[in-house]
Amino acid sequence: MGYRFLIVDDSATTRAVIKRTISMCGIEPEKLIEAANGKDALAMLSVTHVDLVFLDINMPEMTGMEVAARIKLDPKLCRTPIVIVSSESMESRVQQLKAEGVRGYIKKPFTPEQIRTVINDVLGADHVAA
Amino acid sequence: MSLPENATQSLFETLAQSLETMAFVIADPLPSPADAPGDAQVVSLTFEGPRSGTINIVASREFAMMLAANVLGIDPSDPDAQEKADDCMKELVNVVGGALMPRIAESETDVFKLSLPTIRPLNTETEWPGFCNDTGTQLASADGHTIAARIAA
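Order-wise, the sequence lines are chains A and B.
According to our numbering, the first sequence holds residues 8 to 137 in order.
According to our numbering, the second sequence holds residues 2 to 154 in order.
Treat the hints with care, since some could be wrong.
Which residues of chain A face chain B? A few of them, derived with a C-beta cut under 10 angstroms, are [stated by the list, open to error]:
{"hint": "1", "residue": "Pro82"}
{"hint": "2", "residue": "Glu95"}
{"hint": "3", "residue": "Pro116"}
{"hint": "4", "residue": "Thr118"}
{"hint": "5", "residue": "Asn127"}
No lab work stands behind these hints, which were simulated from the structure alone.
Please read these numbers as outputs of a predicted model, since none were measured by experiment.
Cβ atoms here follow ideal geometry from the backbone N, Cα and C, with glycine treated the same way.
Work the whole structure out from these sequences, hints included.
Dropping the structure here:
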């Protein structure tokens, strides 16, 4: 079974690095889509089912916090796992996000191992190469 | 609230760690003054919270392309490295800012709001001397490229 991922980050560089890292983890996604802002991400999610959202916090127009809140409020999307990928590392922010239901938090700069671990945790290890 | 005394040192350490983790680039401290980077750009990020201020990083366009190439795992001459060079510098200051906040915070419950990074060319004749000599600035050599990082309230 192939997984569908959505990467939401205003940095094209970070989106490219996450894509490459997923590939390095031995995962061949069925679909891997990208959004440069929260508005586009929500539009994509309204028409495409994804298994996991990688979400930045500090973005123009709509922050990742707002995007996560909208996803959690939408009955069709609320079960979609969200993993925050952000440079923000204050423990208070991490705890707040976890309390709001995000499944994982990866601090930038990240290693391939951190991406692999969070995918394992959220989707299971069956499709992730060692 | 003013910045802690070790803010500049913390900034340098955070920058060095970020460069190493993001791009396998090693940064060593460089004494001041130093020649300005050629074709210099300054990337900036402001932060607001219990302490507020600005982080600036100055580097050459060539360094930005090298950084993008390392981050993306491509050759510096690849058009993608040139295209993403500015974006990569913005991401660098974003990462540095995020990692620095816990180090300058008063407590673990502090919340900081980070701005979106901006980038612009630096006028090395008029801006570099002041930047270089600022007490909040730390110069560094990163894989042979001169870079400068400054934090100011």
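Each hint, compared with the structure:
1. Nearest Cβ of chain B to the Cβ of A/Pro82: about 30 angstroms, over the 10 angstroms cut. The hint is violated.
2. The interface hint given for A/Glu95 is met, as the beta carbon of that residue sits about 5 angstroms from the closest beta carbon of chain B, less than 10 angstroms.
3. The criterion of a C-beta within 10 angstroms of any C-beta in chain B is met by A/Pro116, whose closest approach is roughly 4 angstroms, and the hint holds.
4. Among the interface hints, the one on A/Thr118 holds; its C-beta lies about 7 angstroms from the nearest C-beta in chain B, closer than the 10 angstroms criterion.
5. Taking 10 angstroms as the C-beta contact cut-off toward chain B, the hint placing A/Asn127 at the interface is violated, the least distance being around 21 angstroms.
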